[in-house]
Amino acid sequence: MTWTSPVAFATLLVVAPLLPGVATKTRALLTGRRGPPVLQLYWDVGKLLRKGLVYSTTTTWLFRLAPVVVVATALLAASVIPLDGRGALVSFTGDLVAFAYLLALGRFMLVLGGLDTGSSFEGMGASREVTFSSFTEPALFLCFAGLTLATRGLSLTGMLGSPLAAAWPAAAPSLAMIGVSLFLVLLAEASRVPVDDPATHLELTMIHEVIVLDHSGPDFALILYASALKLALFGALLVGVLVPRARLPGPAAIAVLALGLLVVAVLVGIVESSMARLRLSRVPQFLIAASVLASLAVILLLMT
Amino acid sequence: MTFFFVGIALILAGGLAAALFRRQPALADRAFGVLVAGGCALGLVPAVGALAGRDVAGILFAMPMPGGPWAFGIDGLSAFFLLIVFGVGLASAIYGLAYLAVEREGGHRPVATSHLLMAVVLAALALVVTSRAVVPFLMAWESMAVLAYFLVVFESEKAGVRRAGLVYLIATHTGTLALFAMFAFWGRFAETLSFDALAAGAASLPAGGALVLWLALVGFGLKAGLVPLHFWLPEAHASAPSHVSAIMSGVVIKMGIYGLLRVVSLLGAPPAWWGWLVLIGGVLSGVLGVVWALAQHDLKRLLAYHSVENIGIILLGLGVGALGVSYHLPVVAALGFAGAILHTLNHALFKSLLFLGAGAVYRATGTRAIDRLGGLARRMPLTWVAFLVGSVAIVGLPPLNGFVSEWVVYQALLRSGAAAGGALRLAVLGVAGLALIGALALACFAKVDGIVFLGHPRSAEAGQAREVGKVMLGPMFALALACGVIGLVPVLVVQPAVTAGALVAGLAPDAIGAAGAEVLEAMAWIAFLSLALVALLALGWRAAAALRRRRSPVPGETWGCGYAEPTPRMQYTASSFATPLLASFGPVAGVRELRHGDAFETHPTELILDNVALPLWSLIQGFAARLRPIQQGRLWIYLVYLMAALLLLLLYLATSGGTISP
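Protein sequences appear in the order of chains A and B.
For the first sequence, counting from 1, position 45 maps to 45 in the numbering used here; every step adds exactly one.
For the second sequence, counting from 1, position 405 maps to 405 in the numbering used here; every step adds exactly one.
Please note that the accuracy of each hint is not assured.
[Unchecked claim] Okay, the calculated bits of chain A under chain B, using three or more residues with CB under 8 Å as the criterion:
1. 83 to 90
2. 178 to 185
3. 230 to 244
[Unchecked claim] If we take Cβ atoms under 8 Å as the criterion, some of the chain B residues that face chain A in the derived model are:
4. Val161
5. Leu397
6. Gly417
7. Ala435
8. Gly450
[To be verified] Calculated Cβ distances over 12 Å to all of chain B for the following chain A residues:
9. Glu122
10. Arg247
11. Leu259
12. Gly260
To be clear, the hints were calculated from the coordinates, so they are not data collected in a lab.
This one's a predicted model, so the numbers in the text were calculated from it and none came from an experiment.
Idealized CB from N, CA, C, for every residue including glycine.
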């Protein structure tokens, strides 16, 4: 680990709230609207932090703990990604399992927080959230399996660090498929169109937004920040797979990360402006496509 | 081993005390508790010693015994299972004192006998995992299996319980039959029936021991609940009293895993097809088990289906370990087996914790129907904390023990993918199966925790629930603590597990070299991440609490979309929660959906029980009915049968030219 790892980590934390803003702006511009300012989420988080709190009388301590868990797990999950393209803050064999399962812990507590309110709407959102994550989790691990096959690495640093550049020429089709699969996983995990629509305002149709209906003030600020961070995390994985940066000088690698994240956000915006949210019963098919793509990549790699 | 046998004697004495002093319940309970606790503590001494790498001298009976010398011993593998037997056994037995105490008032159920049986089953379990010869192994095995039947049918006045018990009894006997066949066949190629002799004779088994491996898979698979041999499990576990369910799910079914591991270690390298079979069986058990659990809305039956799921995870590790042996990759072999062993321990801890928690809910509310519960987090705050710890652990999330063992299984799968080449790399696809199992388990426990403990009570029973007493909470918190310690300091168990895994794979403890060091380093990092998580949560919670004090939060109604008067009936139910997932996975797993008028239910169909096991059973019954005329119930007829049998035997001896004594 060099000085670049902590700097890249800090960059990610700072840039994260920009990404939903960029995506929304892109979507607005492409559909001929002006849209909210790109920095809107920073203002929202800042304002919510200064606001008061309302707690439903049904809720227990778990509801108050959930936002803290969601942010803490996202932060720790960020620490195992090699954000500067060479080494993560924390790297060990099998750290990818920690990455996925830390995020799962955050999801588990968020979902329980929703159920703690006793609201049907939040129950609905919770049920959908765990349903769709059951489809993304295998896809994510198939992507990891493909990366292991391509690079012989057993940690995220081992996969996305220097061996990746060497693996690209030989395994380009597989790695490209893994990239596409990861992008689909990102859309689902970050609750974007076509799986979820962050702009919807009807409780019956929401997924992520509806679980957090009852959170307010600083609690809600934490949740908004954590979901932006989650988008950034999967964006960083995607950039890590598609743009091997181990040979770039440190500052350039970090700049490429920031730029790459913005490009991912623009792509998300383009997807959002070009298609509608899928019907709920169609979403699993969309997410199975991510698994199928990743399996194809794995099988291609196994044959070589 | 002295400690071990004294411990067993104490446990048995505790059981006898419970039976002898049945007229003075207070004295009986105290004697039982003290003696069983002392016995389990003594029994744990050599087990912990063996895990720490100390040599525990075995015991060999020098007298001529049937089937060759009888031996008992504790190696790294036995030690892990002893930890489970004594640890979970102790917690469940103590909990059982309080759980069954209320039954004394009715007076028609055999409380004292149940305690006695519990003690004997614990002793039998301990002997199963320490036997080093076939005859004592099978004797202990059969005592465990048969006595567990009597524990299960405690509430024998209920027809459902009797039926579940009968199905269990038939299933376990079928399994024992397969084991008899396996050992009898194997014994023909060995000098005596001691395990050492079997290992020496393994090389001369025909077809690489294919028959032995098949029979082991049937015999031990039936006990473990490997799909499709799981059909007896959910009902038997759900019908038993909760502390018995904890022993059944936590310990008894693990004996199947122990048997498979022991057979592999005695047999040497199994052929590759067996490893693939176990691996695929593991994925199937895992995925189907958790889907059935999702469709299940009876709390204890749901937990029982989760045992099928976790046996799947264990078999996934066992399968990839066997593949590592077959394809000569020591690292994959040792890590695969280590993952299986470790997940066995962890599952024993959190599943017994969850069953004890379910028992507390049942005692407090009188119902096991998830959709009639709700809001228990406020009414039973301590049970809720313990149950939540168990839930996070079973889903495999950090910072608890389930994460550690799933990590080891993932590690074995990923390392098979990083191998130089060959068919073994295909095993890497197993990670998708494990990830799916994990995500579905998360969904299922979100359902259980959310519907049972959170929100508003859905029935009057749930609304009047009160926290259970200390004797029930104590064992639950002890188990929760064990889950936490393993999660925060994983190296404590991972190092012995890797050593035991190497033992099963027939390797020296240090045979995996650099990879072993990497695993230990990873354990340090996992401990770091877990502690960092705990620290972040503590800090975040304090900061949030301070903020809350300054902002003085406003109490309000849950947002009801503008609807002014929400009722508890409007809350989401377990059925509605699981529906989107079952829409996708249900048809594959044979889950039936029932929609009628204003209600809606889902049921897992017992495909194997209804379509295979029961028809087969009525076939056998029909055949047996034809034999009935020979049973006349008169003594002289049976004497004639005896004479006839003796004459036939003598005739056989005379014609075959054999002699009576060698």
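Results for each hint:
1. 83 to 90: violated (count 1)
2. 178 to 185: Check failed, 0 qualifying residues.
3. 230 to 244: violated (count 0)
4. Val161: violated (32 Å)
5. Leu397: holds (4 Å)
6. Gly417: Where the cut-off is 8 Å and the nearest Cβ of chain A is about 5 Å from Gly417/B, the hint holds.
7. Ala435: It holds, given that the least Cβ distance between Ala435/B and chain A is near 4 Å, below 8 Å.
8. Gly450: holds (3 Å)
9. Glu122: The claim breaks: Glu122/A does not keep its Cβ more than 12 Å from every Cβ of chain B (closest is about 8 Å).
10. Arg247: Non-interface label stands for Arg247/A: nearest chain B Cβ at 23 Å, farther than 12 Å.
11. Leu259: Consistent with the label, Leu259/A stays out of reach of chain B, its closest Cβ about 29 Å off (over 12 Å).
12. Gly260: holds (26 Å)
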